[in-house]
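Let the hints inform the model, and build the full structure from the sequences given.
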Amino acid sequence: MDGFLFALTLFAALGCGVVAGVFFAFSAFVIRALASLPAQQGIAAMQAINVAAVTPVFMAALFGTALACGALIVSSFLVWGEPFAAYLLTGGALYLLGAIGPTGVYHVPRNEALAKTEPSSVGAEDYWSRYLRGWTTWNHLRFAAALAASATLVIALRVPHA
Amino acid sequence: MSQIRIETVSHRASRPRTAVRTLTLGLATLATGLAAGVFYAYAVSVSLGLAAQPDASYVATMQAINARIQNPLFFASFFGAVLFLLATLAAHISRPRSGRFWLVALACALYIVGGFLLTAFVNVPMNEELARVAANASPDELAGARAAYEGPWNFWNGVRTVFSAIAFVALIGACLLREDRSGR
Numbered sequence: 001m002d003g004f005l006f007a008l009t010l011f012a013a014l015g016c017g018v019v020a021g022v023f024f025a026f027s028a029f030v031i032r033a034l035a036s037l038p039a040q041q042g043i044a045a046m047q048a049i050n051v052a053a054v055t056p057v058f059m060a061a062l063f064g065t066a067l068a069c070g071a072l073i074v075s076s077f078l079v080w081g082e083p084f085a086a087y088l089l090t091g092g093a094l095y096l097l098g099a100i101g102p103t104g105v106y107h108v109p110r111n112e113a114l115a116k117t118e119p120s121s122v123g124a125e126d127y128w129s130r131y132l133r134g135w136t137t138w139n140h141l142r143f144a145a146a147l148a149a150s151a152t153l154v155i156a157l158r159v160p161h162a
Numbered sequence: 001m002s003q004i005r006i007e008t009v010s011h012r013a014s015r016p017r018t019a020v021r022t023l024t025l026g027l028a029t030l031a032t033g034l035a036a037g038v039f040y041a042y043a044v045s046v047s048l049g050l051a052a053q054p055d056a057s058y059v060a061t062m063q064a065i066n067a068r069i070q071n072p073l074f075f076a077s078f079f080g081a082v083l084f085l086l087a088t089l090a091a092h093i094s095r096p097r098s099g100r101f102w103l104v105a106l107a108c109a110l111y112i113v114g115g116f117l118l119t120a121f122v123n124v125p126m127n128e129e130l131a132r133v134a135a136n137a138s139p140d141e142l143a144g145a146r147a148a149y150e151g152p153w154n155f156w157n158g159v160r161t162v163f164s165a166i167a168f169v170a171l172i173g174a175c176l177l178r179e180d181r182s183g184r
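Read top to bottom, the protein sequences are chains R and Z.
FYI, the numbering for the first sequence is 1 to 162, going by my numbering.
FYI, the numbering for the second sequence is 1 to 184, going by my numbering.
If you are wondering where the hints come from, they were derived from the structure by calculation, not from laboratory data.
Only a predicted model underlies this, so the values are computations on that prediction, with no experimental measurement involved.
All C-beta atoms in this analysis are idealised placements derived from N, C-alpha and C, irrespective of residue type, glycine included.
Treat the hints with care, as some may be off.
[Stated by the list, open to error] Ranges between beta-carbon positions, derived for each pair:
| id | chain 1 | residue 1 | chain 2 | residue 2 | range |
| --- | --- | --- | --- | --- | --- |
| 1 | Z | Arg178 | R | Gln40 | 36 to 44 Å |
| 2 | R | Gly3 | Z | Ala67 | 44 to 52 Å |
| 3 | Z | Arg178 | R | Phe4 | 32 to 40 Å |
| 4 | Z | Pro125 | R | Phe63 | 35 to 43 Å |
| 5 | Z | Arg132 | R | Gln40 | 52 to 60 Å |
| 6 | R | Trp80 | Z | Glu129 | 56 to 64 Å |
| 7 | Z | Phe79 | R | Arg133 | 28 to 36 Å |
| 8 | R | Ala113 | Z | Arg17 | 53 to 61 Å |
Right, here's the structure in full:
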């Protein structure tokens, strides 16, 4: 593996690990805590968290890692004969399909719908409990995929060179 | 080529020990990475989101988070990291001159001091103080409790995020080094 590909893989492995940790926080306790609050308070807190998460630091981690994973997938085809190529492809695909995919297709639309919900309105509580259930299930998946991607990319770095 | 030969020899000599080293290092990396990610999640989303909340809601949410975080899943990473880091260090102690040993020792120091002890002696006492604030406390009490908590807690959370993240990077580095060599 040349220096640039090594650095890119290392960056992606770290990024996947950190993003996995963020999803882990939500899967392990943040959502449970918000669910235990009165619905109105829980909704307002989640709305604020969703707005706040769109900071450059977190977006850089989430999408910077996605860019790196895209580049790793392309690189894996260019170096397909190498023993580490399959790990690069698997790691990159796990993150893009398993972490970024659900985020774009599932979480962001739900977060946008929640943002439009008036916390004290009729029906807000129903929407909130449905939101929590689905959001959490898909978050477990994002967490597992990002974690597996990180481990796979670390293995890619360790595979003996041809 | 020399790499392959060394590996073959060391495999034959101590395969179970190599397995223990790989396993403990893998688990330590996993647990430390997750703990770092949790601290990072506060820094980049939870704390920022709650900053926009009124006092009553801030206090209630933070109290709920501090109560719910005490669950087996989080403890597996937070305390697990300490256990697995020490186990990894012990597993590598017979190779004190290897690059891996030094990176693991560095990660131990960073996470145990800057992640674990910092949390135990700074954040947890602050959480306990906040937990004493009653739900029906007066607006002044809520504002005072929040003012004493939010700024310092977020600051120390930033510090433990940096320490644990560097520990995680050191462990990834250790994963990349062969166990018995000083270079890659």
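Now the hints, each set against the structure:
{"no.": "1", "hint": "Z:Arg178 with R:Gln40: 36 to 44 Å", "verdict": "violated (56 Å)"}
{"no.": "2", "hint": "R:Gly3 with Z:Ala67: 44 to 52 Å", "verdict": "holds (48 Å)"}
{"no.": "3", "hint": "Z:Arg178 with R:Phe4: 32 to 40 Å", "verdict": "violated (22 Å)"}
{"no.": "4", "hint": "Z:Pro125 with R:Phe63: 35 to 43 Å", "verdict": "holds (37 Å)"}
{"no.": "5", "hint": "Z:Arg132 with R:Gln40: 52 to 60 Å", "verdict": "violated (24 Å)"}
{"no.": "6", "hint": "R:Trp80 with Z:Glu129: 56 to 64 Å", "verdict": "holds (58 Å)"}
{"no.": "7", "hint": "Z:Phe79 with R:Arg133: 28 to 36 Å", "verdict": "holds (29 Å)"}
{"no.": "8", "hint": "R:Ala113 with Z:Arg17: 53 to 61 Å", "verdict": "holds (54 Å)"}
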